[in-house]
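Working from the sequences, and respecting the hints, build out all of it.
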Amino acid sequence: MTIKLHNTLTQQKDVFVPINPDHITMYVCGPTVYNFVHIGNARPVVIFDVLYRLLSRHFPKVTYARNITDVDDKINKAAAENNESIKQLSSRFADAFHEDMAQLHTLTPDLEPRATDNIDAMIETIQALIEKGHAYEAEEHVLFQVSTDPNYGQLSNRNLDDMIAGKRVEVEPYKRAPGDFVLWKPSTDDLPGWDSPWGRGRPGWHIECSAMINKHLGKTIDIHCGGQDLIFPHHENEIAQGTCCHDQGSEKFVNYWMHNGYITMDGEKMAKSVGNFFTVRELLEKFPGEVLRFALLTAHYRSPLDWSEDTLIQAKASLDRLYGALRNAPPSTTDISHPKIDQVEVHLKDDLATPQALSVLHALAGDINKSDGEEKAQLQLALRQAGDHLGLLSSNSDDWFKWQADSSNNEGLSDGDIDALIEERLQARTDKNFARSDEIRDELKEQGIILEDSKDGTRWTRG
RNA sequence: GUACCGAUGCCUGAGUGGUCUAAAGGGGUGGAUUGCAAAUCCAUUGUUCGUCAGUUCGAAUCUGACUCGGUACUCCA
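Heads up: the first sequence begins at 88 in the numbering used here, then just goes up one per residue.
Just so you know, these hints were derived from the structure itself, not from any lab. Bear in mind the structure is a predicted one, so any value in this text is a computation, not a measurement. Careful, some of the hints might be misleading.
Now the in silico label distances, taken between C-beta atoms and shown as ranges [stated by the list, open to error]:
hint, residue 1, residue 2, range
1, P108, E168, 48 to 58 Å
2, G460, D525, 31 to 41 Å
3, D437, A492, 32 to 42 Å
4, D506, Q401, 28 to 38 Å
5, A450, E259, 53 to 63 Å
BS3-like cross-link-like pairs, simulated, lysine-lysine; straight-line CA separation at most 30 Å [unchecked claim]:
hint, residue 1, residue 2
6, K519, K542
7, K219, K306
8, K532, K373
9, K302, K339
10, K373, K272
11, K91, K339
The C-beta atom is built at its ideal place from N, Cα and C for all residues, glycine as well.
If you want it as structure tokens, here you go:
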């Protein structure tokens, strides 16, 4: 019954014990919206969507928050280049992000706070940190003084002495110690800024999450998720801010920290800065979103997942098999119980073991293909429901097999063209004119259309 | 320098002391089915888990060394 989650704080799988079983709180670090997201950015969104679905099945209320960072130096730069406001730029890419994530069948978070809507909360948090002696002003900046937090380094399992200060980036001269990080920084007139007790400026990167969690979810939340690359410094700094701003500095900020592994390309981390990435948008031109989602779930979320064309081809083939088992399934929304649905749940409750959960889906598909009648119908319902636990198999199976890349341009045969040719072929077959019949089938195959004859007629698939 | 992760069969990818003669899918091969196909079903393929030592009655799983690759200490999911 218990749910186990890998907690970066303890570096092991822990039994999930909620703060309040009647209301779970989870927060996922969302995108900085200055361009289209790549498939690596999509991984946490899909993975923690599975977590959200799981928690929602086991607890009466789950509040899932995912922020949108809409002020940041990369945004400022991009907006300036386009000669538009950061609001215009960030809104456009936030919309694009929502569209892309919808294609991946992810559920909408309950809250989606934006940084620029929460500047006041950030200023309050910074003020509290100054009052409690954890932050100081220097040259119009406000900095967090890391040495005042004895627990600093707890999440990333490192101590300041072991880190080589300024190894890769120059240490600013106004810092008291190299590890101190910016809470607030001044803006010149040409940059976005907000009035504050320290002059016109803008927030540092880490403060928004701490402040928004505090404001929207509470002092201590159950689960905080994100990519591994956020462990340090982002999440380490969030903990420092999020605990030190409270009266009881020892109050926990987050009970369970979950981090997903990287998507790699030829073994190397996919990253915008490296340039080795595919945007979700371009991948969606070639494959249905569900294929991307499935591919992201084939590996365990903490393992690296190497991305290639073959990854998608194999994911598509697997989904074809599952949807094949659902063909001619009776429409129904009835909740049913089946041991294999329970098996899926058992795997998901074990730190989101999605690969094992997917293997159960395949077992169900095999059962379906070997059964018929009422038993088959029941098994199909079970597969639909098991798939729903993973956010999969919600499409109509006929639509699935007729999915067409680039449906906007009219290259290739329309559904009507195909049906007409099948009609002609049927007549040829009735006449035992197999030469003509096979000719039509070969023509269609040239166009990527695969035919399947059965006693109930001929159906087709875009391969 | 410090901290950390990975290396599994043709491919993707589970498995962290015995039920592993390694899940599941993809791929290959043979058979059933089909006018022929496709889909489906059945069978089959891979004694093998980076290397070398060790612990153990027993290791893919634990320990040590090594090799290779990657990550963090910059922005990053």
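For P108 and E168, compare the CB-CB distance with the range 48 to 58 Å and indicate the outcome.
-> Holds, at about 49 Å.
For the pair supplied as a hint, K532 and K373, is the alpha-carbon distance within the 30 Å limit?
-> Satisfied, since the Cα-Cα distance of roughly 19 Å is no more than 30 Å.
Agreement of K91 and K339 with the hint, judged by alpha carbon distance not exceeding 30 Å | holds, 20 Å
Would the pair K373 and K272 pass a check requiring their Cα atoms to be no farther apart than 30 Å?
-> Given that 30 Å is the threshold and the Cα spacing comes to 43 Å, the pair is violated.
Satisfaction of the hinted span 28 to 38 Å by the C-beta atoms belonging to D506 and Q401 = holds, 30 Å
For the range 31 to 41 Å, tell me whether the beta carbons of G460 and D525 fit it or not.
-> Holds: the Cβ-Cβ distance is about 33 Å, inside 31 to 41 Å.
Is it true that A450 and E259 lie within 53 to 63 Å of each other by Cβ?
-> holds, 57 Å
Is K219 close enough to K306, meaning Cα to Cα at most 30 Å?
-> It holds: about 17 Å lies between the C-alpha atoms, which stays within 30 Å.
Restraint status (C-alpha distance of K302 to K339 at most 30 Å) | It holds: about 15 Å lies between the C-alpha atoms, which stays within 30 Å.
Pairwise hint evaluation, K542 against K519, where the allowed Cα distance is 30 Å at most | holds, 16 Å
For the range 32 to 42 Å, tell me whether the beta carbons of D437 and A492 fit it or not.
-> Holds, at about 36 Å.
Consistency with the previously given hints fails for number 10 only.
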